[in-house]
Amino acid sequence: MSKNKTSTIELNVELDDNRVPEKLKWSAQDGGISNEEAKAMMLSVWDANAKETLRIDLWTKDMPVDDMKVFFHQTLVAMSDTFNRATQDEKMTATMKDFCDYFAEKLELKK
Numbered sequence: 632m633s634k635n636k637t638s639t640i641e642l643n644v645e646l647d648d649n650r651v652p653e654k655l656k657w658s659a660q661d662g663g664i665s666n667e668e669a670k671a672m673m674l675s676v677w678d679a680n681a682k683e684t685l686r687i688d689l690w691t692k693d694m695p696v697d698d699m700k701v702f703f704h705q706t707l708v709a710m711s712d713t714f715n716r717a718t719q720d721e722k723m724t725a726t727m728k729d730f731c732d733y734f735a736e737k738l739e740l741k742k
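By this note's numbering, the letter at position 47 of the sequence shown is numbered 678, and the numbering carries on one by one without gaps.
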């Protein structure tokens, strides 16, 4: 019988007195990441029993709005890529990519 390997991803959130994130740090030993600082994060998990997505969206109070716009755009692009890998639905992936381009254009992210 083979032994299953486990991998841990750790998130640490430093809060101010009002419970607003001041610092976000994360570690992923298998990825060589140790206590790296981040300014924002989005975590989604699928609850198969309830058939719904559970989410944690956090950003530090010093995260610049312009950086948040870029973060959202890059996340949408990555979600399109993940959707394609998971479903092989090329038509919907193209539609999602079109929206990403539209999003970037409206926020004037593309140069």
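Please note that a few of the clues may not be correct.
[Claimed, not checked] DSS-like mimics (lysine-lysine), calculated; alpha carbons at most 30 Å apart, straight line:
#1 K682 - K728
#2 K722 - K654
#3 K634 - K692
[As the list claims (entries may be wrong)] Derived DEER-like restraints, expressed as beta-carbon distance ranges:
#4 K682 - L740: 30 to 36 Å
#5 K654 - V696: 16 to 22 Å
#6 K728 - E683: 42 to 48 Å
#7 L646 - R686: 14 to 20 Å
#8 E721 - L646: 39 to 45 Å
#9 L707 - V644: 38 to 44 Å
#10 K722 - S638: 32 to 38 Å
#11 K692 - K634: 41 to 47 Å
#12 N666 - A709: 19 to 25 Å
#13 M710 - N643: 33 to 39 Å
#14 K654 - D732: 16 to 22 Å
#15 V676 - E736: 27 to 33 Å
#16 K654 - E736: 16 to 22 Å
Since the hints were made in silico from the structure, they are not lab data.
The beta-carbon is built from N, C-alpha and C at its ideal position, and this holds for glycine as well.
Structure-based check of all given hints:
Under the criterion of a C-alpha separation no larger than 30 Å, the hint pairing K682 with K728 is consistent with the structure, at around 26 Å. Between K722 and K654 the CA atoms are separated by roughly 39 Å; this puts the pair beyond 30 Å, and the hint is violated. Simply put, K634 and K692 have alpha-carbon atoms about 43 Å apart, too far for the 30 Å limit, and the pair is violated. Roughly 34 Å separates the CB atoms of K682 and L740, a value that falls within the hinted 30 to 36 Å.
The hint said 16 to 22 Å for the Cβ distance between K654 and V696, and at roughly 19 Å that hint holds. Between K728 and E683 the Cβ separation comes to about 26 Å, which falls outside the hinted range of 42 to 48 Å. In this structure the hint that L646 and R686 lie 14 to 20 Å apart at CB holds, the actual value being about 18 Å. At roughly 43 Å, the beta-carbon separation of E721 and L646 lies within the given 39 to 45 Å, and the hint holds.
For the hinted restraint 38 to 44 Å between L707 and V644, the CB-CB distance of approximately 24 Å leaves it violated. Hint check: K722 to S638, Cβ distance near 34 Å, so the stated range 32 to 38 Å holds. Range check, K692 to K634: about 44 Å between beta-carbon atoms, so the 41 to 47 Å window is met. Between N666 and A709 the C-beta distance comes to about 23 Å, which sits within the given range of 19 to 25 Å.
Separation of M710 from N643 is about 25 Å and departs from the stated range, judged on CB atoms against 33 to 39 Å. Checked against the hint of 16 to 22 Å, the C-beta distance between K654 and D732 comes to roughly 33 Å, which is inconsistent with it. Look at V676 against E736: about 31 Å separates their beta carbons, and that is inside 27 to 33 Å. Judged by the Cβ atoms, the range 16 to 22 Å given for K654 and E736 is violated: they are separated by roughly 33 Å.
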